[in-house]
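Undergrad: In the order they appear, the protein sequences are chains A and B. Under our numbering, the first sequence has 140 at position 133, and the numbering climbs by one with no breaks. Under our numbering, the second sequence has 83 at position 76, and the numbering climbs by one with no breaks.
Since the hints were made in silico from the structure, they are not lab data. Take the hints with a grain of salt, since some may be wrong.
Which copy is meant is left open, because identical chains are indistinguishable; a pair holds if it fits in one copy or across any two.
[Unchecked claim] Straight-line Cα separation of at most 27 angstroms, BS3-like style, residue types lysine-lysine; simulated pairs:
hint : residue 1 : residue 2
1    : K125      : K66
2    : K32       : K21
3    : K97       : K140
4    : K117      : K84
5    : K63       : K119
6    : K97       : K83
7    : K84       : K100
8    : K110      : K83
9    : K140      : K100
This structure is a prediction, so every number in the text was calculated from the model and none was measured.
2 protein chains.
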Amino acid sequence: MPKLAGDVKETFSKTAIYAVATASKDGVPNVVPIHFVKIYDESNDIILLVDNFMNKTLKNLEDNSRIAISVWDLDKKLAFQIKGEATIVKSGKPFDDASDWVKKTMPDLKPKSAILLKVTNVYNCQPGPDLGKEL
Amino acid sequence: MPKLAGDVKETFSKTAIYAVATASKDGVPNVVPIHFVKIYDESNDIILLVDNFMNKTLKNLEDNSRIAISVWDLDKKLAFQIKGEATIVKSGKPFDDASDWVKKTMPDLKPKSAILLKVTNVYNCQPGPDLGKEL
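The shape of chain A in the complex, shown without the other chains (with noise of 0.2 angstroms):
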């Protein structure tokens, strides 16, 4: 089954801003808000992240690819962590694919990569008894 699936994929493609978080090699967190986050092919576990303006988020990837995004929704009190692995992508279809998408609202804006992110957890975040359960 898809980790992406029901509350937590009706949840992440509700939202507007996405809070994406890094860390260096020295272990220093990085946490910058990403409008052009999307489920990029569901039954894999990808995500794609668009590169318009990263700055020290590309930087710690390119030292540790692991990426935490945060997702909440709290009119239905809900909210959940997604982790995974990121692979950098300047060509190809992800990178075409996210250009295109990017075309279509913010044509001024250059994508310098695309960010493919492969699910590896989904954590439930919402205060209650089920805090910090891996979905």
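Here the structure of chain A is known, so what remains is to put chain B in place on it, guided by the hints.
TA: Frame of chain A; chain B shown alone:
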């Protein structure tokens, strides 16, 4: 001058849910939404985070005191990342202040600890020419 001043202070103070990132000693980032976060001692650049439900965040902080917090204001097109060093406090005035604060709006919660974050750096995260610059 305090690091949490001007637009940073206003954006931080208006935020309802803070994206709080830590990293394990192995460099795995973790990011969770936390509500009880506020400026605690403005002149000394201290932020208070209340640990009502912290799980991996607290485990990470026990090994690696670095925290990053992301806040943004979509209407004003402002976004900042605050980085610093955390101290876990389980008694004394900061803990009592944390408990009193939570009790006012969510009396059923029992804070487990207070996290005092000494801010070391503030970065601009809003797309534009100043993206990534330290304030």
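Undergrad: Run every hint past the structure and note whether it holds.
TA: Okay, the hints, checked on the actual structure:
no., hint, result
1, K125 with K66, "both (19 angstroms within a copy, 25 angstroms between copies)"
2, K32 with K21, "neither (32 angstroms within a copy, 32 angstroms between copies)"
3, K97 with K140, "between (35 angstroms within a copy, 25 angstroms between copies)"
4, K117 with K84, "between (36 angstroms within a copy, 20 angstroms between copies)"
5, K63 with K119, "within (14 angstroms within a copy, 33 angstroms between copies)"
6, K97 with K83, "neither (37 angstroms within a copy, 32 angstroms between copies)"
7, K84 with K100, "neither (36 angstroms within a copy, 31 angstroms between copies)"
8, K110 with K83, "between (32 angstroms within a copy, 24 angstroms between copies)"
9, K140 with K100, "neither (35 angstroms within a copy, 32 angstroms between copies)"
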